[in-house]
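Student: If you want the building blocks of each chain, they are given just below.
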Amino acid sequence: MLVLTVEFDTNIESLETVAPNAYHLFQAVLQIWPAHKKFIEQRLKFSTEKDIIFIEKLAQILIKIKQNELKECVLGYQWMCAAVLEEELYFRRNHQYRLTSFEEAVRDVYDNPTVMTKYMDGLLLSQVLWSNHTSVLQYFHESFLENISKPFQLLEVGPGHGIFLYYAMSVKNCIRAVGWDISQSSLDFTQNTLSTLSSSAKLTLKVQNIFENDSGEQFDVIVLSEILEHLENPQQALLSIKHRLAPGGRLFVNVPCNSPAPDHIFLFRSPDEVFDMIRDCGYQISESAVFPATGVSLQKACDKSLTISVVVVATV
Amino acid sequence: MNEEILYKKLTGVFQEALEDETLVLTSDLTANDVPNWDSLNHIRLIVSIEEAFGIKFSTLEVTEFKNVGDLVDLILSKQGHLVD
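Chains as they are written, first to last, in our numbering: chain E, 1 to 316; chain D, 1 to 84.
You may find that some hints are simply not true.
As the list claims (entries may be wrong) - Result set (DSSO-like, lysine-lysine): computed pairs, CA atoms no more than 27 angstroms apart in a straight line:
id	chain 1	residue 1	chain 2	residue 2
1	E	Lys-304	D	Lys-9
2	E	Lys-71	E	Lys-38
3	E	Lys-300	D	Lys-78
4	E	Lys-64	E	Lys-50
5	E	Lys-304	E	Lys-38
6	D	Lys-9	D	Lys-56
7	E	Lys-300	D	Lys-8
8	D	Lys-56	E	Lys-304
9	E	Lys-57	E	Lys-71
10	D	Lys-9	E	Lys-300
11	E	Lys-202	E	Lys-64
12	E	Lys-172	E	Lys-64
13	D	Lys-66	D	Lys-78
14	E	Lys-300	E	Lys-38
15	E	Lys-38	E	Lys-150
16	E	Lys-37	D	Lys-66
17	E	Lys-172	E	Lys-118
18	E	Lys-50	E	Lys-38
19	E	Lys-172	E	Lys-150
20	E	Lys-38	D	Lys-78
21	E	Lys-304	D	Lys-8
22	E	Lys-57	E	Lys-37
23	D	Lys-56	D	Lys-8
24	E	Lys-150	E	Lys-50
Honestly, the hints are just simulated from the structure, not real lab data.
Please construct the entire structure, taking both the sequences and the accompanying hints into account.
Tutor: Listed below in C-alpha cells is the structure:
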C-alpha cells in the first residue's frame, strides 16, 4: 500500500467519503460542541494518509463501543477538556501540578463515580481527537506490537478505557492479555469496553496492586500507559514491576510531560527526565518516541513546556 | 494607564503568546478571527496578560469575555487591585 508522508488537504468535510466513521465521530462532537471545530481542524492539519486510515479504524472501534451513548461520551470529553483547561491555568501560573498526593486524586477523582465515568469517556474520545494520543496508540500497534515475532503474554497496569488491551488482543502473537487495577469499578469499565468489541478469551482482568505480593507471574510485555504521572513515586512502580518481566521481556511506557490534568501528580518536565528515571531504575532503553500536543511542533513544545507524550520501550 | 498605551502593550503580549508578529488588536477581534487563538493558547495568553499587567483573573473571567474590547475593559477595571 502506498503511504503518503507529506501533508495533504484534510479537513472535516473531506473525510465524509474517505473516512466515514471519523467524519461521523467528529460531527457528533461538533453537534454538541461547535466551538471545537478549530481544534479538530488543527488536529487533522498534519495528518498523513496513513494517519487517516488509523483514525478511521479507531473511530469505528469507538463508535462500536459507544454506539448508544455517543452523546454522553462527547459530553464527558467536553467536561474533561474544561477540567484540563482549569489545571492548565494553575500549571501556567504556578509551574507545577495542582495535586501533590495520590490521596487527593482518590478523593477528587477515583472515588467519585460520576467524575470517573465522564473522565473515562473523555479519555476514550481523546484517542481520536488528540493527535499525541492517537500517535502513541498507532506506535503501540504498528511499531511495537506488530513487530513482536514470538507469541507473548502481556500485562497492562491500569488499563482504564481498555483500548490498549484491545489492540494487544487483536495481534496474532498475543496469546494472553492481562489487566491489573486497584479499582474493581475501573476494571468493570475496561470489561465493558472489551466485551463490546471482541471475544475476551485471551483476557484476564484482576484487582491487583503492583506494590503488593502476588503469585509472581511473569509477562513478556508490560504496559504502563499514562500511569507514572498519577503516582507520587513513579520510580517505586518501575522498580516493583522489574521482576514481573520474563527474561527478554519488554516494558512499554507512555507518559506525558507538562500535562496538567485533574489527577496528575508527578511532573515530568522533559522527555530526558523520563529517560533518566527509566535508566536509573535499571532498564535499558531500546526504543523511544515523542509526540507533541495537537497542533504544536516538537521544538515549540520543548521551548514552551507544552505537553509531549513520551514513549519508551525498555528491557532489564 | 490609558487605553491607547494599554492596547500597545497588549498587542505585544498577544503577538508573543500567539506567535503572530503581524497581529493587530481591535476592540471587536475575537478568538475566531485568529488561527492560533485556540483554547490552550487562550490560557497561556491569559497568564501572559496577568504577568504583564500585574493582575489576576477569576476562572469565570478567563472564559467569559467575548472580544478584545471586553478584555481591555476588564484589565482597566482591575488595574490597581488584585482579584482572588
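Student: It remains to establish, for every hint, whether it holds in the given structure.
Tutor: Taking the hints in turn, this is what the structure says about them:
The straight-line distance between the Cα atoms of Lys-304 of chain E and Lys-9 of chain D is roughly 21 angstroms, inside the 27 angstroms bound, and the hint therefore holds. For the proposed pair Lys-71 of chain E and Lys-38 of chain E, the alpha carbon gap of about 20 angstroms is at most 27 angstroms, so the pair holds. For a cut-off of 27 angstroms, the pair hint linking Lys-300 of chain E to Lys-78 of chain D is broken: about 32 angstroms separates their Cα positions. Of the supplied pair hints, the one linking Lys-64 of chain E and Lys-50 of chain E holds, its CA atoms being roughly 22 angstroms apart against a limit of 27 angstroms.
Of the pairs offered as hints, the one joining Lys-304 of chain E and Lys-38 of chain E holds, with about 21 angstroms between alpha carbons and a cut-off of 27 angstroms not exceeded. Proposed proximity of Lys-9 of chain D and Lys-56 of chain D is supported: the alpha carbons are some 17 angstroms apart, at most 27 angstroms. Of the supplied pair hints, the one linking Lys-300 of chain E and Lys-8 of chain D holds, its CA atoms being roughly 26 angstroms apart against a limit of 27 angstroms. Annotation: proposed proximity of Lys-56 of chain D to Lys-304 of chain E holds, straight-line Cα distance about 21 angstroms (limit 27 angstroms).
Restraint check for Lys-57 of chain E and Lys-71 of chain E: the C-alpha separation of about 20 angstroms stays at or below 27 angstroms, so the hint holds. With a CA separation close to 24 angstroms, the supplied pair Lys-9 of chain D and Lys-300 of chain E stays within the 27 angstroms bound. This hinted pair checks out: Lys-202 of chain E and Lys-64 of chain E have alpha carbons roughly 20 angstroms apart, not beyond 27 angstroms. Between Lys-172 of chain E and Lys-64 of chain E the CA atoms are separated by roughly 22 angstroms; this keeps the pair inside 27 angstroms, and the hint holds.
A C-alpha spacing of about 17 angstroms is found between Lys-66 of chain D and Lys-78 of chain D, which places the hinted pair at or below 27 angstroms, so the restraint holds. A distance of roughly 19 angstroms separates the Cα atoms of Lys-300 of chain E and Lys-38 of chain E; the hinted pair therefore holds under the 27 angstroms criterion. For the hint pairing Lys-38 of chain E with Lys-150 of chain E, the CA-to-CA distance comes to about 44 angstroms; that exceeds 27 angstroms, so the pair is violated. With a C-alpha separation of about 18 angstroms, the suggested pairing of Lys-37 of chain E with Lys-66 of chain D holds against the 27 angstroms cut-off.
With a C-alpha separation of about 33 angstroms, the suggested pair Lys-172 of chain E and Lys-118 of chain E falls outside the 27 angstroms cut-off, and the hint is violated. Between Lys-50 of chain E and Lys-38 of chain E, the direct Cα distance comes to roughly 22 angstroms. Compliance with the 27 angstroms bound is thereby established for this hinted pair. For the hint linking Lys-172 of chain E to Lys-150 of chain E, the alpha-carbon distance of about 10 angstroms falls within 27 angstroms, and the restraint holds. In summary, the hint linking Lys-38 of chain E to Lys-78 of chain D is not supported, as the alpha carbons are separated by about 31 angstroms, beyond the 27 angstroms threshold.
For the given pair, Lys-304 of chain E sits about 24 angstroms from Lys-8 of chain D by alpha-carbon distance, which is consistent with the 27 angstroms threshold. Only pairs whose Cα atoms come within 27 angstroms are accepted, and Lys-57 of chain E paired with Lys-37 of chain E is accepted, the gap being roughly 21 angstroms. A C-alpha spacing of about 20 angstroms is found between Lys-56 of chain D and Lys-8 of chain D, which places the hinted pair at or below 27 angstroms, so the restraint holds. Taking the CA atoms of Lys-150 of chain E and Lys-50 of chain E, the gap is about 26 angstroms. The hint holds against a cut of 27 angstroms.
Consistency note: the structure conflicts with the earlier hints numbered 3, 15, 17 and 20.
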